[in-house]
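Sequences are here, hints too, so could you generate the full structure?
Each protein sequence line maps, in turn, to chains A and B. The number in my numbering is simply the position in the first sequence, starting from 1, with 118 added. The number in my numbering is simply the position in the second sequence, starting from 1, with 118 added.
Treat the hints with caution; some may be incorrect.
Computed Cβ-Cβ distance ranges for the label pairs, DEER-style [what the hints assert, rightly or not]:
| id | chain 1 | residue 1 | chain 2 | residue 2 | range |
| --- | --- | --- | --- | --- | --- |
| 1 | B | Gly270 | A | Glu236 | 51 to 57 Å |
| 2 | B | Gly305 | A | Glu272 | 55 to 61 Å |
| 3 | B | Gly154 | A | Arg301 | 28 to 34 Å |
| 4 | A | Gly378 | B | Gly305 | 48 to 54 Å |
| 5 | A | Arg401 | B | Gly165 | 43 to 49 Å |
| 6 | A | Arg268 | B | Gly305 | 42 to 48 Å |
| 7 | B | Ala162 | A | Glu236 | 23 to 29 Å |
| 8 | A | Leu440 | B | His120 | 26 to 32 Å |
| 9 | A | Gly437 | B | Glu236 | 53 to 59 Å |
| 10 | B | Pro149 | A | Leu440 | 31 to 37 Å |
| 11 | A | Glu272 | B | Ala221 | 36 to 42 Å |
| 12 | B | Pro149 | A | Gly437 | 57 to 63 Å |
| 13 | A | Glu272 | B | Ala136 | 24 to 30 Å |
| 14 | A | Arg301 | B | Ala395 | 58 to 64 Å |
Hints listed in this document are in silico derivations from the structure and should not be mistaken for laboratory results. C-beta atoms are modelled at their ideal positions from N, C-alpha and C, and glycine is treated no differently.
2 protein chains.
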Amino acid sequence: SHGHVDLTHGAGGRAMMALIHHVFRQALGNPALDAGHDGAVLPAVPGRLVIATDAHVVAPLFFPGGDIGCLAVHGTLNDVAAMGAQPLYLSASFILEEGLALADLQRIAASMGRAAREAGVPVVTGDTKVVPRGQGGGVYITTTGVGVRREGVEVDGARARPGDHILVTGPIGDHGLAILCAREALGLATPIVSDTAALHGLVADLLHAAPEVHVLRDPTRGGLSATLNEIAHQSGVGMVLQEAAIPVRPAVAAACELLGLDPLDMACEGRMVIIVAAAAAGRALQALRAHPLGREAALIGEVVADGRHFVQMQTRFGGRRLVHWLAGDPLPRIC
Amino acid sequence: SHGHVDLTHGAGGRAMMALIHHVFRQALGNPALDAGHDGAVLPAVPGRLVIATDAHVVAPLFFPGGDIGCLAVHGTLNDVAAMGAQPLYLSASFILEEGLALADLQRIAASMGRAAREAGVPVVTGDTKVVPRGQGGGVYITTTGVGVRREGVEVDGARARPGDHILVTGPIGDHGLAILCAREALGLATPIVSDTAALHGLVADLLHAAPEVHVLRDPTRGGLSATLNEIAHQSGVGMVLQEAAIPVRPAVAAACELLGLDPLDMACEGRMVIIVAAAAAGRALQALRAHPLGREAALIGEVVADGRHFVQMQTRFGGRRLVHWLAGDPLPRIC
Ligand SMILES: Nc1ncnc2c1ncn2[C@@H]1O[C@H](COP(=O)(O)OP(=O)(O)OP(=O)(O)O)[C@@H](O)[C@H]1O
Ligand SMILES: Nc1ncnc2c1ncn2[C@@H]1O[C@H](COP(=O)(O)OP(=O)(O)OP(=O)(O)O)[C@@H](O)[C@H]1O
Ligand SMILES: [Mg+2]
Ligand SMILES: [Mg+2]
Ligand SMILES: [Mg+2]
Ligand SMILES: [Mg+2]
Ligand SMILES: [Mg+2]
Ligand SMILES: [Mg+2]
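This is the structure in structure tokens:
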């Protein structure tokens with residue numbers, strides 16, 4: 119078991135304490151975490167509380183552009199940001215599989231710590247379980263984010279209105295394709311890199327410039343097509359997208375064509391969809407493009423009145439097609 | 119795949135939405151969860167924030183006295199309570215293994231919903247991932263609890279002082295033994311039932327009667343021996359326990375004897391250890407015994423000055439032995 123996770127690392131005794139000290143606190147440490155209590159005690163939060171949680175089960179654990187560690191930080195920060203809130207704290211629970219190389223765990227924890235520091239959001243409490251070989255996937259990480267939403271921000275999936283403009287903060291599909299191409303079975307060599315990134319800074323700039331934003335959502339599993347169909351249903355509206363306006367990197371488009379996939383169905387982990395009144399769309403786009411993570415932001419379509427809640431696409435060739443909400447393309451362990 | 123979890127249930131599309139609606143919202147529903155946003159928006163919290171998280175990976179999923187669903191609620195509520203806080207909200211992330219019977223998932227979600235309602239703490243946001251067969255354990259659930267701690271409460275693992283009394287709220291080891299005996303391989307038929315329960319009501323009564331409590335901690339993995347050794351280290355003290363005073367049910371004692379285990383190392387999921395100044399111990403014990411979950415509370419020992427931080431036990435026969443902090447008895451998937 120030397121150099122690998124074994125069952126004692128999850129048994130609540132000294133071996134677990136040593137792992138927490140030497141791997142996790144080393145990488146993630148901060149006063150709340152280091153206190154070693156049953157949880158974290160933190161200052162009072164001045165405003166409405168926002169809570170978001172995501173399990174991360176991505177395979178492979180390391181992929182072009184990131185790894186499960188930084189992804190687990192970014193994914194949850196982005197859900198807090200998509201609620202129009204400022205993330206303040208993260209918790210992290212780890213399900214380790216017996217046999218995981220400690221060196222891999224260390225790399226993952228370091229990446230998590232780096233992502234949390236860059237985001238300015240500490241991991242204040244955690245948990246470690248070990249499951250026997252064959253009952254896990256190396257490591258699964260659930261993060262929960264707690265944030266604060268200031269008065270006046272009212273973003274909500276049910277607030278899209280006919281006439282609103284639909285923006286996306288950058289090219290779509292990179293994360294999903296990076297994962298697919300990284301799977302050895304495919305043996306594809308491409309320059310595609312995951313877009314994984316924390317978007318709360320970008321969203322703060324956006325809400326500063328355009329506080330009246332109606333909807334924010336990160337197009338993760340199911341991609342842009344699932345996200346827009348979901349919003350269309352929640353708001354009771356339709357949408358019309360302009361295919362030519364949707365940013366897709368050439369390498370992503372090519373890999374999708376090869377694999378028979380639609381970039382619109384592919385997960386992003388560093389993009390935000392924004393729905394905003396037409397009058398504020400220019401201001402919003404300008405604020406996005408001024409931020410390093412929004413340079414390629416684009417206006418991609420418009421909300422329309424439609425009792426059927428269809429999301430339609432104006433194709434490059436002037437036709438129209440429905441953007442379907444897949445029952446669920448079985449792409450396991452994409453995030 | 120009919121009647122079983124398949125990979126589409128985790129793919130972000132309509133199949134996942136249907137599962138969330140028909141299984142999870144059905145069982146756990148409340149306005150914040152039903153809103154279906156990226157997370158939950160909640161009212162401002164008046165006081166210091168407390169956050170605790172635990173992954174739950176128990177096997178079998180159903181055991182005498184409970185299941186992974188109610189355990190995932192109780193376990194995290196108890197960590198919030200052990201911080202001296204009132205739990206307000208829970209999040210829940212599910213890692214489902216392909217092939218899990220939907221009927222089992224429904225039972226688990228129902229049990230979770232029941233536990234959350236009984237506790238008065240809603241599950242306000244969630245997440246669902248599906249991993250391929252052979253990469254999970256049926257279902258793993260991470261819950262995160264958010265609570266509020268009022269001014270004046272200062273419980274802390276570093277606050278045990280020589281002369282303090284050590285209390286436990288009831289018999290120890292039931293959960294660990296119930297799980298072990300439930301494992302088919304053992305084939306043991308015993309009347310042992312898990313003690314899994316939410317202790318925040320009991321703790322609220324205790325802190326009302328004795329707000330000056332120094333330390334609270336739930337003796338989960340590693341049992342009483344790990345918990346007391348941990349506190350002894352954090353506080354820089356020693357402890358002397360009275361073996362005859364530690365409540366252990368006869369069936370638990372018998373099963374431990376048979377299996378060569380020490381009840382002190384066995385996980386509890388419905389017990390709290392309390393360390394309190396001697397002057398307040400009587401009041402504390404009285405408050406505990408007045409609550410249905412503390413009827414069998416007992417004074418089990420005393421904190422002493424000891425630079426080596428030893429936890430010692432005065433045996434029934436008048437001798438003394440060290441209560442060791444195991445490196446980690448490898449009891450995988452105990453909670
Ligand atoms: N992977 C981790 N990264 C960072 N901190 C961790 C990690 N795992 C545990 N911790 C921290 O270590 C301390 C002990 O955690 P532990 O899970 O043993 O406590 P517990 O939840 O009270 O016990 P149990 O999980 O058995 O119910 C806590 O302060 C926790 O925040
Ligand atoms: N197991 C569950 N129980 C209760 N609610 C759930 C569960 N899983 C998801 N939800 C709820 O369903 C909604 C959609 O969750 P989903 O995970 O798809 O959103 P997301 O986190 O934004 O996307 P992703 O997980 O792909 O990043 C959220 O409101 C979430 O709280
Ligand atoms: Mg605890
Ligand atoms: Mg998410
Ligand atoms: Mg824990
Ligand atoms: Mg989201
Ligand atoms: Mg715990
Ligand atoms: Mg999610």
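message = Within 48 to 54 Å: is that where the Cβ-Cβ distance between A/Gly378 and B/Gly305 falls?
response = 51 Å, holds
request  = Determine whether the Cβ-Cβ distance between A/Arg268 and B/Gly305 falls within the hinted range of 42 to 48 Å.
outcome  = This hint is violated: roughly 59 Å between Cβ atoms.
task = Indicate whether the distance between the beta carbons of B/Ala162 and A/Glu236 respects the range 23 to 29 Å.
result = Given a distance of about 28 Å, which is inside 23 to 29 Å, the answer is holds.
query = Does the Cβ-Cβ separation between B/Gly305 and A/Glu272 fall within 55 to 61 Å?
reply = 59 Å, holds
query = Do the beta carbons of A/Glu272 and B/Ala221 sit within 36 to 42 Å of each other?
reply = 40 Å, holds
inquiry  = Verify the CB-CB distance for B/Gly270 and A/Glu236 against the hinted window 51 to 57 Å.
reply    = Check failed, 37 Å falls outside 51 to 57 Å.
ask   = Okay, A/Glu272 versus B/Ala136 on CB: inside 24 to 30 Å?
value = 29 Å, holds
query = Per the hint of 28 to 34 Å, is the separation of the Cβ atoms of B/Gly154 and A/Arg301 within bounds?
reply = With Cβ atoms ~31 Å apart, the hint holds.
inquiry  = Given the hint of 57 to 63 Å, is the C-beta distance from B/Pro149 to A/Gly437 inside that range or not?
reply    = 42 Å, violated
inquiry  = Can you tell me whether the CB distance of A/Arg401 to B/Gly165 sits inside 43 to 49 Å?
reply    = Cβ of A/Arg401 to Cβ of B/Gly165: about 38 Å, so the range 43 to 49 Å is violated.
A/Gly437 versus B/Glu236 beta-carbon gap, inside 53 to 59 Å or not = 56 Å, holds
task = Could you check the hint for me, namely that B/Pro149 and A/Leu440 are 31 to 37 Å apart, CB to CB?
result = Holds, at about 32 Å.
The structure fails hints 1, 5, 6 and 12 (numbered hints given earlier, in ascending order).
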